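Using numbering that gives the first Met the number 0, the letters of the sequence shown correspond one by one to residues 0 to 513.
If you're looking for bench data, these hints aren't it; they were derived computationally from the structure.
None of these values were measured; they are calculated from a predicted model.
Beta carbons are placed, not taken as given, at the ideal position from N, Cα and C, and that holds for glycine.
Be aware that a few hints might be false.
Cβ-Cβ distance ranges computed for the label pairs, FRET-style [claimed, not checked]:
(1) 255 to 343: 43 to 49 Å
(2) 379 to 265: 46 to 52 Å
(3) 343 to 449: 41 to 47 Å
(4) 249 to 452: 27 to 33 Å
(5) 470 to 244: 24 to 30 Å
(6) 115 to 249: 26 to 32 Å
(7) 474 to 454: 29 to 35 Å
(8) 116 to 389: 38 to 44 Å
(9) 381 to 245: 32 to 38 Å
(10) 90 to 283: 20 to 26 Å
(11) 385 to 228: 42 to 48 Å
(12) 381 to 195: 37 to 43 Å
(13) 214 to 352: 37 to 43 Å
The list that follows gives simulated cross-link-like pairs (lysine to any residue, SDA-like), each with its CA atoms no further than 20 Å apart [stated by the list, open to error]:
(14) 271 to 219
(15) 488 to 477
(16) 355 to 473
(17) 218 to 267
(18) 153 to 25
(19) 218 to 271
(20) 347 to 157
(21) 488 to 286
(22) 488 to 353
(23) 288 to 478
(24) 355 to 295
(25) 271 to 225
(26) 355 to 412
(27) 355 to 291
(28) 271 to 259
(29) 488 to 350
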Amino acid sequence: MTSTEQTHSVRPATDSGGTGAAPADRRRWFALAIVMTAAFMDLVDVTIVNIAIPSIERTDHASVSQIQWITAGYALAFAAGLITGGRLGDIHGRKRLFLLGIGGFTLASALCGFAVNPEMLVASRILQGGMAAMMVPQVLSIVHATFPAHERGKVFGLFGAIVGLGAVCGPLLGALLTEWNLFGLEWRPIFLINLPVGIVSWLLGRRFITESRAPRALKLDLVGVALVTLGLLMLLYPLTRGRELGWPLWGHLSMAGAFGVFAALVAYERRKAARDGSPLIELSLFRVKSFAAGIAVQTVFGIALGIFFLVWTLYMQIGLGWSPLRAGLTGVPFSLAVSTAAGMSVQKLVPRYGRKVLQAGALIMGAGVLVYLWEAHRYGLGIAPWQMALPLVVMGAGMGLIVAPLTDAVLSEAPREHAGSASGLINTVQQMGNALGLGLVSVVFYGEIGDRLTRAQVGPAFVHAFQHALWWVAGIMGVIFLLMAALPKWPAQHVEGAAGAELPEVEKEPALTS
Numbered sequence: 000m001t002s003t004e005q006t007h008s009v010r011p012a013t014d015s016g017g018t019g020a021a022p023a024d025r026r027r028w029f030a031l032a033i034v035m036t037a038a039f040m041d042l043v044d045v046t047i048v049n050i051a052i053p054s055i056e057r058t059d060h061a062s063v064s065q066i067q068w069i070t071a072g073y074a075l076a077f078a079a080g081l082i083t084g085g086r087l088g089d090i091h092g093r094k095r096l097f098l099l100g101i102g103g104f105t106l107a108s109a110l111c112g113f114a115v116n117p118e119m120l121v122a123s124r125i126l127q128g129g130m131a132a133m134m135v136p137q138v139l140s141i142v143h144a145t146f147p148a149h150e151r152g153k154v155f156g157l158f159g160a161i162v163g164l165g166a167v168c169g170p171l172l173g174a175l176l177t178e179w180n181l182f183g184l185e186w187r188p189i190f191l192i193n194l195p196v197g198i199v200s201w202l203l204g205r206r207f208i209t210e211s212r213a214p215r216a217l218k219l220d221l222v223g224v225a226l227v228t229l230g231l232l233m234l235l236y237p238l239t240r241g242r243e244l245g246w247p248l249w250g251h252l253s254m255a256g257a258f259g260v261f262a263a264l265v266a267y268e269r270r271k272a273a274r275d276g277s278p279l280i281e282l283s284l285f286r287v288k289s290f291a292a293g294i295a296v297q298t299v300f301g302i303a304l305g306i307f308f309l310v311w312t313l314y315m316q317i318g319l320g321w322s323p324l325r326a327g328l329t330g331v332p333f334s335l336a337v338s339t340a341a342g343m344s345v346q347k348l349v350p351r352y353g354r355k356v357l358q359a360g361a362l363i364m365g366a367g368v369l370v371y372l373w374e375a376h377r378y379g380l381g382i383a384p385w386q387m388a389l390p391l392v393v394m395g396a397g398m399g400l401i402v403a404p405l406t407d408a409v410l411s412e413a414p415r416e417h418a419g420s421a422s423g424l425i426n427t428v429q430q431m432g433n434a435l436g437l438g439l440v441s442v443v444f445y446g447e448i449g450d451r452l453t454r455a456q457v458g459p460a461f462v463h464a465f466q467h468a469l470w471w472v473a474g475i476m477g478v479i480f481l482l483m484a485a486l487p488k489w490p491a492q493h494v495e496g497a498a499g500a501e502l503p504e505v506e507k508e509p510a511l512t513s
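Produce the complete structure using the sequences and hints provided.
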């Protein structure tokens, strides 16, 4: 999802500390407010940045590759650190890692806000993504350790509301902060707003959050993390810089070499699983057809969203010349449609129609993209926000039908003993797909724009490039529809307490992504 949409994640309930005393501890509700605030801050941060990208490009003269790395760098660091962040919390304490993560996230936000050049901003965003990877995995692990089972359903419902609220508030808040140009700071308040929120959350978290650990936490696989990160960098860096540098030979060699690194990763993970049973990636999961297909769906879906949301922002603000506020308001129907459809899909549609709901979502979202493509071609530079409402609502409805039940569908046939590894891998590949999609923007969007444009040529060039990118997104949705045929016809609903007494307790937890 964009960084505005979130799926569900499952972790085995092997927590210790805090569970037994939770019903009598009124402080748990303060702890809940603190971790939900942190989750909301992470969610909003991604959508805020998307809206402010044109302002950053205009005021700081950021290059195409720097613009992509402001968003892709965050997603890459977040993806690479998710599983490690979760395991560090299990080993050293969720409260400790949460405080470290939110403190680092706040510091990185300050560095972003006071960045003196695009290079510093990119580096600060990568740091921010790494800190989010420490903070986010602890959020619902803390909830699990703090609340008894009978209260968690209510808590997860609150998280669903936070997801919907963040999807709507992020673009609007980013638009307002950029439009207001507070104290002449241009786009910088979108990051600086995190400072008071982060500091207060850190101080209150020290007092109200109860420490907890997993009694049998898996060991860290830092070599696996390093190989994943190296492979992605070898693939993404040439994609983002290739067009500016004239597609040099080293770029092609680097992208080809990335697949060698991924092959080495598979070999290493196989050996590590045999040696100590704690690999970063549980390769046995890929023997389950539905899981392998679901991972492919998550990755490809992330690519589609990474492409769309960045080029959509550039199209509206640079191509059409709209203000950030006008662009932010235009996206509200999309966000509302996603939230509404997501609730309906889980509560009413999937229990009745199963996999067909997800396949319908892919077709509906693809249809919305095609309608948007037709309108962009027909109205050109004269298109109005109300004319975009129909395709955006259709796209949002389709996306909502997919994002909420997809993880349950992917996990339906995965072994329960690997539920934690499987859910962590799902969240990771979604972020990796998003980073790859952002990297591909230089090919599918900027590749259609000339290097030296007059002011009169900018608008038509961006409109044309937007249409070209939409063809790619529509094609990707078709691929997703085909991949979904391998998902189970009736995805299991992994809800708290649904598993029998002989199975590990499983909780349904949102994967709060950027």
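Here's how the hints hold up against the structure:
Under the hint 43 to 49 Å, the C-beta atoms of residue 255 and residue 343, about 45 Å apart, fit the expected range. Between residue 379 and residue 265 the beta carbons are some 48 Å apart, a value that agrees with the proposed interval 46 to 52 Å. Separated by about 44 Å at the C-beta atoms, residue 343 and residue 449 satisfy the suggested range of 41 to 47 Å. Against the hinted window of 27 to 33 Å, the Cβ-Cβ separation of residue 249 and residue 452 comes to about 28 Å, which satisfies the hint.
In this structure the supplied range 24 to 30 Å holds for residue 470 paired with residue 244, their Cβ-Cβ distance being about 26 Å. Our hint of 26 to 32 Å for residue 115 and residue 249 holds, since their Cβ atoms are close to 29 Å apart. In this structure the supplied range 29 to 35 Å holds for residue 474 paired with residue 454, their Cβ-Cβ distance being about 32 Å. Our hint of 38 to 44 Å for residue 116 and residue 389 holds, since their Cβ atoms are close to 41 Å apart.
Separation of residue 381 from residue 245 is about 36 Å and conforms to the stated range, judged on CB atoms against 32 to 38 Å. In this structure, residue 90 and residue 283 meet the distance hint of 20 to 26 Å, their C-beta atoms being roughly 23 Å apart. Separation of residue 385 from residue 228 is about 44 Å and conforms to the stated range, judged on CB atoms against 42 to 48 Å. Against the hinted window of 37 to 43 Å, the Cβ-Cβ separation of residue 381 and residue 195 comes to about 42 Å, which satisfies the hint.
Range check, residue 214 to residue 352: about 40 Å between beta-carbon atoms, so the 37 to 43 Å window is met. Annotation: proposed proximity of residue 271 to residue 219 holds, straight-line Cα distance about 11 Å (limit 20 Å). Distance check on the hinted pair: residue 488 and residue 477 sit about 19 Å apart at the alpha-carbon level, within 20 Å; holds. For the hint pairing residue 355 with residue 473, the CA-to-CA distance comes to about 19 Å; that is within 20 Å, so the pair holds.
For the suggested pair residue 218 and residue 267, the alpha carbons sit about 15 Å apart, so the restraint of at most 20 Å is met. Distance restraint check for residue 153 and residue 25: the Cα-Cα separation of roughly 16 Å lies within the 20 Å cut-off, and the hinted pair is therefore satisfied. Distance hint between residue 218 and residue 271 is fulfilled; the C-alpha atoms sit about 11 Å from each other, no more than 20 Å. Our distance criterion of 20 Å between C-alpha atoms is met by residue 347 and residue 157, whose separation comes to about 19 Å.
Proximity of residue 488 to residue 286 is assessed by CA-CA distance (about 18 Å); at most 20 Å being required, the pair is judged to hold. Between residue 488 and residue 353 the CA atoms are separated by roughly 6 Å; this keeps the pair inside 20 Å, and the hint holds. For the suggested pair residue 288 and residue 478, the alpha carbons sit about 17 Å apart, so the restraint of at most 20 Å is met. Distance check on the hinted pair: residue 355 and residue 295 sit about 18 Å apart at the alpha-carbon level, within 20 Å; holds.
Between residue 271 and residue 225 the CA atoms are separated by roughly 14 Å; this keeps the pair inside 20 Å, and the hint holds. Taken as a hint, the residue 355 and residue 412 pair is honoured in the structure, with Cα atoms around 17 Å apart against an allowance of 20 Å. Proximity of residue 355 to residue 291 is assessed by CA-CA distance (about 19 Å); at most 20 Å being required, the pair is judged to hold. For the hint pairing residue 271 with residue 259, the CA-to-CA distance comes to about 18 Å; that is within 20 Å, so the pair holds.
A threshold of 20 Å between alpha carbons decides the hint, and for residue 488 with residue 350 the separation of about 11 Å falls inside it, so the pair holds.
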